[in-house]
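S.K.: Residue-level listing of the chains:
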Amino acid sequence: MFRSLHRRSILAALALAATLALPAMAEPLKVTDVLGREVAVTMPAKRIMLGFYFEDFLAVGGSEAMDRVVGLSKAAWKDWRPQNWEVHLARRPSLDQLADVGEVEVNTFSVEKVIALKPDLVILGDWQAKGIGGDFERLEKLGIPVVVIDYHTPDLAKHHASTRVMGKLLGTEARADAIVKEVEDTVSLIRDRIARSGRSRPKIYIELGNKGPAEQGVSYGDFMWGAMANDAGGVNITRQVVKTWAPVSPEQVLAAKPDVILIAGSEWRKHATAQLMGEGVTSDEARTRLNGFLKRPGWADLPAVKEGRVHAVYHGASRTIPQHAALQHVAKVLYPDLFADLDPEATYRNFYRKYLPIVPEGTFMLNLTPGKV
Amino acid sequence: MSTPAIDLAIAMHRRAERRRMVAFLSLFLLLGGLLVLDIATGPALLPISDVLATLAGPAEADLTLRAIVWDLRLPMALMALTVGVALGTSGATMQTLLDNPLASPYTLGLAAAAGFGAALCIQNGGWGLNPSFIVPACAFVFACLAAATIYGVGNIRGMGTDTMVLAGIALLFMFHSLQSLLQFRATPEVGQQIVFWLFGSLAKATWTSVQITAAACLIAVPLLMREAWKMTALRLGEQRARALGVNVVWLRFVTIALISFMTATAISFVGTIGFIGLVAPHLSRLLVGEDQRFLLPLSGLVGALLLSAASVVSKILMPGVLVPVGIVTAVVGVPFFLHLILSRRRLAI
Numbered sequence: 014m015f016r017s018l019h020r021r022s023i024l025a026a027l028a029l030a031a032t033l034a035l036p037a038m039a040e041p042l043k044v045t046d047v048l049g050r051e052v053a054v055t056m057p058a059k060r061i062m063l064g065f066y067f068e069d070f071l072a073v074g075g076s077e078a079m080d081r082v083v084g085l086s087k088a089a090w091k092d093w094r095p096q097n098w099e100v101h102l103a104r105r106p107s108l109d110q111l112a113d114v115g116e117v118e119v120n121t122f123s124v125e126k127v128i129a130l131k132p133d134l135v136i137l138g139d140w141q142a143k144g145i146g147g148d149f150e151r152l153e154k155l156g157i158p159v160v161v162i163d164y165h166t167p168d169l170a171k172h173h174a175s176t177r178v179m180g181k182l183l184g185t186e187a188r189a190d191a192i193v194k195e196v197e198d199t200v201s202l203i204r205d206r207i208a209r210s211g212r213s214r215p216k217i218y219i220e221l222g223n224k225g226p227a228e229q230g231v232s233y234g235d236f237m238w239g240a241m242a243n244d245a246g247g248v249n250i251t252r253q254v255v256k257t258w259a260p261v262s263p264e265q266v267l268a269a270k271p272d273v274i275l276i277a278g279s280e281w282r283k284h285a286t287a288q289l290m291g292e293g294v295t296s297d298e299a300r301t302r303l304n305g306f307l308k309r310p311g312w313a314d315l316p317a318v319k320e321g322r323v324h325a326v327y328h329g330a331s332r333t334i335p336q337h338a339a340l341q342h343v344a345k346v347l348y349p350d351l352f353a354d355l356d357p358e359a360t361y362r363n364f365y366r367k368y369l370p371i372v373p374e375g376t377f378m379l380n381l382t383p384g385k386v
Numbered sequence: 044m045s046t047p048a049i050d051l052a053i054a055m056h057r058r059a060e061r062r063r064m065v066a067f068l069s070l071f072l073l074l075g076g077l078l079v080l081d082i083a084t085g086p087a088l089l090p091i092s093d094v095l096a097t098l099a100g101p102a103e104a105d106l107t108l109r110a111i112v113w114d115l116r117l118p119m120a121l122m123a124l125t126v127g128v129a130l131g132t133s134g135a136t137m138q139t140l141l142d143n144p145l146a147s148p149y150t151l152g153l154a155a156a157a158g159f160g161a162a163l164c165i166q167n168g169g170w171g172l173n174p175s176f177i178v179p180a181c182a183f184v185f186a187c188l189a190a191a192t193i194y195g196v197g198n199i200r201g202m203g204t205d206t207m208v209l210a211g212i213a214l215l216f217m218f219h220s221l222q223s224l225l226q227f228r229a230t231p232e233v234g235q236q237i238v239f240w241l242f243g244s245l246a247k248a249t250w251t252s253v254q255i256t257a258a259a260c261l262i263a264v265p266l267l268m269r270e271a272w273k274m275t276a277l278r279l280g281e282q283r284a285r286a287l288g289v290n291v292v293w294l295r296f297v298t299i300a301l302i303s304f305m306t307a308t309a310i311s312f313v314g315t316i317g318f319i320g321l322v323a324p325h326l327s328r329l330l331v332g333e334d335q336r337f338l339l340p341l342s343g344l345v346g347a348l349l350l351s352a353a354s355v356v357s358k359i360l361m362p363g364v365l366v367p368v369g370i371v372t373a374v375v376g377v378p379f380f381l382h383l384i385l386s387r388r389r390l391a392i
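Residue numbers (my numbering), protein chains in the order written: chain A, 14 to 386; chain B, 44 to 392.
Keep in mind that a hint or two might mislead.
[As the list claims (entries may be wrong)] A few chain A residues that don't get close to chain B, going by computed Cβ distances all over 10 angstroms: (1) 100; (2) 106; (3) 170; (4) 185; (5) 198; (6) 209; (7) 316; (8) 351.
[Stated by the list, open to error] Rough simulated footprint, nothing fancy, chain A against chain B, three-plus residues with beta-carbon under 8 angstroms: (9) 80-87; (10) 99-112; (11) 364-371.
If you are wondering where the hints come from, they were derived from the structure by calculation, not from laboratory data. Here the structure is a predicted model, which is why all the values come from computation and not from measurement. Even for Gly, the Cβ is constructed at its ideal location relative to N, Cα and C.
All chains, please: the whole structure from these sequences, using the hints.
M.R.: Given below as structure tokens:
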């Protein structure tokens with residue numbers, strides 16, 4: 014007890030010395046986050062609480078950036094993308110020792126834990142900032158800088174702003190600019206080719222396959238996959254009835270007669286029929302699950318099924334920077350001949366090779382018929 | 044004048060009163076202990092010595108500790124006490140007034156109405172007003188509306204207290220369905236916020252909300268205590284109370300208005316916390332019997348005790364995780380509720 018008290022007082026003295034020395038070394042850096050708030054952060058931030066967008070943080074800041082993180086909303090990584098978490102954990106075993114501040118959507122987020130970590134920077138996803146309500150103001154009032162980023166939004170400018178603000182905060186601005194340029198180039202190539210082709214827009218139905226064929230999973234409005242379908246020159250058939258995300262009724266799908274079907278999957282191994290995609294998933298496994306969806310009543314007569322234009326995509330490739338690879342996939346399934354030269358899965362893996370400490374192994378983009386796009 | 048029989052009766056009464064005072068005092072001490080425990084526990088798992096030092100001398104304490112203890116834990120712990128008092132006292136008053144052991148702010152739909160009001164407000168984005176003000180305000184208005192409806196039904200000629208209880212239960216179901224309708228129609232993000240509110244959590248407490256709730260209790264509880272004699276008379280039956288000169292209609296109106304004001308204020312800040320208002324009066328009755336002078340304040344005390352204990356349990360159940368206290372009270376409350384129904388005869392209801 015006595016010894017620990019002693020040690021703590023030495024630490025406190027060191028910390029005090031550091032704070033006294035800091036103003037001379039660095040002015041607080043003023044950044045603007047995606048909500049348009051101006052936030053002053055004392056640089057370099059050494060105690061970061063990272064709420065979400067873990068891989069994006071790593072992509073922009075590099076593997077070393079994680080050394081400065083003291084806390085995570087762990088469930089949003091470990092529970093949502095368990096295989097991905099395992100791969101990162103194998104690379105960096107200390108990840109599991111980071112403090113867990115709880116998860117917003119299951120109501121375990123604790124502002125008390127965030128404060129107790131004494132963070133000098135809190136990075137939250139926009140959905141988290143909205144979800145924690147009054148706790149957001151509590152952090153602000155205590156003078157803890159909170160920077161909000163957002164890769165869920167369909168607004169690509171906000172993705173870029175998120176990347177750039179992290180680049181500033183982590184001192185990796187050149188890297189952030191390179192990432193923004195890569196994404197921007199990919200997106201404009203797709204837009205230009207579609208615009209120049211003057212084709213009529215194919216109808217696409219997108220569903221999150223987490224519930225399996227027996228139950229209708231959510232579809233999207235102008236949000237996430239729905240927004241990507243728009244950007245890739247498709248007509249999203251659920252756009253009229255869904256605002257952000259919600260399941261539609263099965264007969265709406267039949268009535269709309271989609272030309273293309275895209276099922277988003279993930280490592281949902283606990284569910285017997287959910288669409289499997291992602292880390293550690295083989296293309297055979299993924300295809301077996303995708304075939305299950307075709308047995309839904311009436312689907313055999315849909316144009317998409319008749320012509321074999323049924324595809325799957327890794328859900329984890331959305332709401333993240335390498336979403337441009339997923340966008341390539343959506344564009345390619347809509348206009349196979351226009352984008353025959355693109356290899357979306359290679360784009361996805363290359364992004365990881367270039368910017369992340371791990372390279373994903375598994376199935377991320379898939380066509381029902383082997384060998385075809 | 045005095046005869047041995049009268050002396051004996053007086054002596055026995057005094058002894059009963061002393062016993063009640065002892066019960067009060069020991070519960071008070073227990074409450075003090077729980078309050079400290081409530082402040083000492085929390086997701087950040089701070090050492091108790093640090094917490095106590097910060098409580099004793101906030102000026103010298105580390106900023107982080109001060110923020111956690113004084114701005115987060117203390118309002119939460121005090122909110123548990125005030126909400127417990129509000130729900131316990133209201134439950135006891137309702138059970139006396141409606142002559143029904145199942146009456147409570149929760150079972151009579153007040154909490155459900157407040158939940159609907161809050162959900163309606165969240166659904167409409169608070170009509171552009173500050174959510175920390177407008178959401179509780181909406182919840183408050185709807186809880187009061189529900190109370191007014193129950194009172195109105197009871198006042199229709201020939202309708203008895205049982206009808207009021209049934210009307211309350213009908214309201215409970217109606218507002219639950221309306222809540223579900225709103226959640227069904229809401230976008231996922233908004234639905235999430237509604238669920239948060241309905242969970243019933245002390246974590247929403249701020250110094251402002253604690254002060255407002257405490258003020259509501261400080262107004263309502265003394266005014267209710269003034270009516271304690273009349274309510275004790277009412278326990279003998281409505282006819283006898285009338286014969287003793289109690290204006291039952293007026294008594295009902297005043298007490299229902301007071302408890303609605305108090306509970307609506309409390310639940311508008313913390314959401315749905317069930318069973319405290321039902322269980323606290325029953326426990327108190329086992330301790331002190333029907334004398335409302337003792338039953339009302341003791342129900343408040345027991346309510347505070349129960350909610351404080353639930354708050355501690357909600358924090359130590361999964362160390363480091365804050366389980367919403369509404370879930371804890373419901374999980375503990377449901378078996379108790381069943382026990383109550385199955386062993387009704389044994390209780391002095």
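S.K.: Beyond 10 angstroms from chain B, beta-carbon-wise, is residue 209 of chain A?
M.R.: holds, 37 angstroms
S.K.: Confirm or reject: residue 185 of chain A is not an interface residue toward chain B, with every Cβ-Cβ distance exceeding 10 angstroms.
M.R.: Check passes; 29 angstroms lies beyond 10 angstroms.
S.K.: Confirm or reject the statement that residue 100 of chain A sits farther than 10 angstroms, beta carbon to beta carbon, from all of chain B.
M.R.: holds, 26 angstroms
S.K.: Confirm or reject the statement that residue 351 of chain A sits farther than 10 angstroms, beta carbon to beta carbon, from all of chain B.
M.R.: Per Cβ check, residue 351 of chain A is outside 10 angstroms of chain B; nearest 34 angstroms; holds.
S.K.: Would you say residue 106 of chain A is clear of chain B, with no C-beta pair closer than or equal to 10 angstroms?
M.R.: The claim stands: residue 106 of chain A keeps its Cβ more than 10 angstroms from every Cβ of chain B (closest is about 21 angstroms).
S.K.: At least three residues with a C-beta closer than 8 angstroms to a C-beta of chain A: is that true for the region 99-112 of chain B?
M.R.: holds (count 4)
S.K.: Count the residues of the region 80-87 of chain B whose CB lies closer than 8 angstroms to any CB of chain A, then report whether that count reaches three.
M.R.: Result for this restraint: holds, n = 3.
S.K.: Do at least three Cβ atoms from the region 364-371 of chain B come closer than 8 angstroms to Cβ atoms of chain A?
M.R.: holds (count 3)
S.K.: Beyond 10 angstroms from chain B, beta-carbon-wise, is residue 170 of chain A?
M.R.: holds, 21 angstroms
S.K.: Just want to verify: residue 316 of chain A was marked as not at the interface with chain B; is every Cβ pair farther apart than 10 angstroms?
M.R.: holds, 30 angstroms
S.K.: Please settle this one: residue 198 of chain A was flagged as non-interface, so is its CB more than 10 angstroms from every CB on chain B?
M.R.: holds, 32 angstroms
The structure is consistent with each of the numbered hints, conforming to all of them.
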